[in-house]
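> Protein chains in written order, with this note's numbering: chain A, 337 to 497; chain B, 337 to 497; chain C, 337 to 497.
Careful: at least some of the hints might be erroneous.
[What the hints assert, rightly or not] Chain B residues, not near chain A, derived (Cβ > 10 Å throughout):
#1 Gly430
#2 Leu476
#3 Ala481
[Stated by the list, open to error] DSSO-like mimics (lysine-lysine), calculated; alpha carbons at most 27 Å apart, straight line:
#4 Lys391/C / Lys399/A
#5 Lys396/A / Lys429/B
#6 Lys429/C / Lys391/C
#7 Lys392/A / Lys429/A
#8 Lys429/B / Lys429/A
#9 Lys429/C / Lys399/A
#10 Lys429/C / Lys396/C
#11 Lys392/B / Lys396/C
#12 Lys399/C / Lys391/A
#13 Lys399/C / Lys399/B
#14 Lys391/B / Lys399/A
#15 Lys392/B / Lys429/B
#16 Lys429/B / Lys399/A
#17 Lys429/B / Lys429/C
#18 Lys399/B / Lys429/C
#19 Lys396/C / Lys391/A
Don't read these hints as lab results, they were simulated from the structure.
By construction, the Cβ of each residue, glycine as well, lies at the ideal position given by its N, Cα and C atoms.
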Amino acid sequence: MAGEAPEGDTPRVSIIVSKGTLNMVFPPLILATTAASMGAEVTLYFTFWGIEALKKDGIKNLKVASVGNPALPMPNILGMLPGMTAIATRMMKGKVEEAGMGDPADLLDMCVEMDNVELVACTPTLGVMGIDEDDLIEGLTLAGAGYAMEQMFESDVQLFI
Amino acid sequence: MAGEAPEGDTPRVSIIVSKGTLNMVFPPLILATTAASMGAEVTLYFTFWGIEALKKDGIKNLKVASVGNPALPMPNILGMLPGMTAIATRMMKGKVEEAGMGDPADLLDMCVEMDNVELVACTPTLGVMGIDEDDLIEGLTLAGAGYAMEQMFESDVQLFI
Amino acid sequence: MAGEAPEGDTPRVSIIVSKGTLNMVFPPLILATTAASMGAEVTLYFTFWGIEALKKDGIKNLKVASVGNPALPMPNILGMLPGMTAIATRMMKGKVEEAGMGDPADLLDMCVEMDNVELVACTPTLGVMGIDEDDLIEGLTLAGAGYAMEQMFESDVQLFI
Numbered sequence: 337m338a339g340e341a342p343e344g345d346t347p348r349v350s351i352i353v354s355k356g357t358l359n360m361v362f363p364p365l366i367l368a369t370t371a372a373s374m375g376a377e378v379t380l381y382f383t384f385w386g387i388e389a390l391k392k393d394g395i396k397n398l399k400v401a402s403v404g405n406p407a408l409p410m411p412n413i414l415g416m417l418p419g420m421t422a423i424a425t426r427m428m429k430g431k432v433e434e435a436g437m438g439d440p441a442d443l444l445d446m447c448v449e450m451d452n453v454e455l456v457a458c459t460p461t462l463g464v465m466g467i468d469e470d471d472l473i474e475g476l477t478l479a480g481a482g483y484a485m486e487q488m489f490e491s492d493v494q495l496f497i
Numbered sequence: 337m338a339g340e341a342p343e344g345d346t347p348r349v350s351i352i353v354s355k356g357t358l359n360m361v362f363p364p365l366i367l368a369t370t371a372a373s374m375g376a377e378v379t380l381y382f383t384f385w386g387i388e389a390l391k392k393d394g395i396k397n398l399k400v401a402s403v404g405n406p407a408l409p410m411p412n413i414l415g416m417l418p419g420m421t422a423i424a425t426r427m428m429k430g431k432v433e434e435a436g437m438g439d440p441a442d443l444l445d446m447c448v449e450m451d452n453v454e455l456v457a458c459t460p461t462l463g464v465m466g467i468d469e470d471d472l473i474e475g476l477t478l479a480g481a482g483y484a485m486e487q488m489f490e491s492d493v494q495l496f497i
Numbered sequence: 337m338a339g340e341a342p343e344g345d346t347p348r349v350s351i352i353v354s355k356g357t358l359n360m361v362f363p364p365l366i367l368a369t370t371a372a373s374m375g376a377e378v379t380l381y382f383t384f385w386g387i388e389a390l391k392k393d394g395i396k397n398l399k400v401a402s403v404g405n406p407a408l409p410m411p412n413i414l415g416m417l418p419g420m421t422a423i424a425t426r427m428m429k430g431k432v433e434e435a436g437m438g439d440p441a442d443l444l445d446m447c448v449e450m451d452n453v454e455l456v457a458c459t460p461t462l463g464v465m466g467i468d469e470d471d472l473i474e475g476l477t478l479a480g481a482g483y484a485m486e487q488m489f490e491s492d493v494q495l496f497i
């Protein structure tokens, strides 16, 4: 079934991206590009470790968590070994490519280019992590929690990921 | 205080289930059965590792994450030892049973049987993970992110878990 | 940009706090105090490991997860060593203080004191974890999932964290 936005007002979607693992940055990018291609106005607010995805080349360096994830086919004791995070990450990227899903870096580029997607970097997070605006990709809004809340008040769908 | 849905239109609830650990599959099942018993229409969209819960006998094999969870009374170095995930899982299941809460497998069965709960398996996830429809329990809708988004546009409550 | 609530009815916000790590308790406290200071009515429903934050002195003892978090600048094999969770926690608290953000314990106090924030402890979680009402801070509502769902039905923004 092809997705379609409801008739009438343009729907608005606000998603908070709080985690810096490939497996938790991928879902908001899929949902944002899907919603935007259905005609919605989308705001992605990157905060805490989610900000990693907005660093220059950051999205390409995100990794899948190989421990603390019992659903991965790998016992914790193995997930601990140096290199296992890299293996889990390559495994996931390979499978995503095989299945013809978009690459996370391409999805982020789409978000930057789409007029109806706004990417926001959380300014207090930048301060806490000592990240400079120049370390980030272009085309971002810089704002704090008040702005995120405002967007959510005006949205039909709000998610924290 | 007994829960009651607001008067007027039937409320609609959409929950995305993205994780494959017992501790993160349990909350959406509790919320879904609670909302449905209050008269709401509920959609549970299983994606990424959440799909594990829809495999035949999958829900019985979910485990509690024993590492990366500082709130569990177990240091990381112990959580690493083979067998510790199983111990954390048994501990949680035992306590849940003691307290008279529903078993996750029973809650999933309830969701399948209730007319006002729809269980959806994310088709791209099935592709990425190489899972066949026959590997899954009966009574599921198969659909992609466009469908999930559509359900969320029409819902009063949307959660990503 | 200073945050402002939409004109007209008072907006309502419901947030479920399900995790017991400092990094996942901090965001709901920031969002709740931000929304409340913008005039919204806020309900925070603490469940599963989130209940740790409501124990007397619990908020001061929360820790940052040092494993299963590839975005932390620390390989898993080091995160495993005894003491590494404490180091990651001190590092985060230090940086938060440097940046002049509120301390999580202070934000929780603000929530208790604000008339438009309600803190709810999930009663089934208390049963499962064997926690007594006397173990918790003052000023809480005790209620179950039906109450949480009711609050969400009546809210404009619902988040699961």
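> Which numbered conditions among the earlier hints are violated in the structure presented, ordered from lowest to highest?
Result: hints 3, 4, 5, 8, 11, 16, 17, 18 and 19 break, sorted rising.
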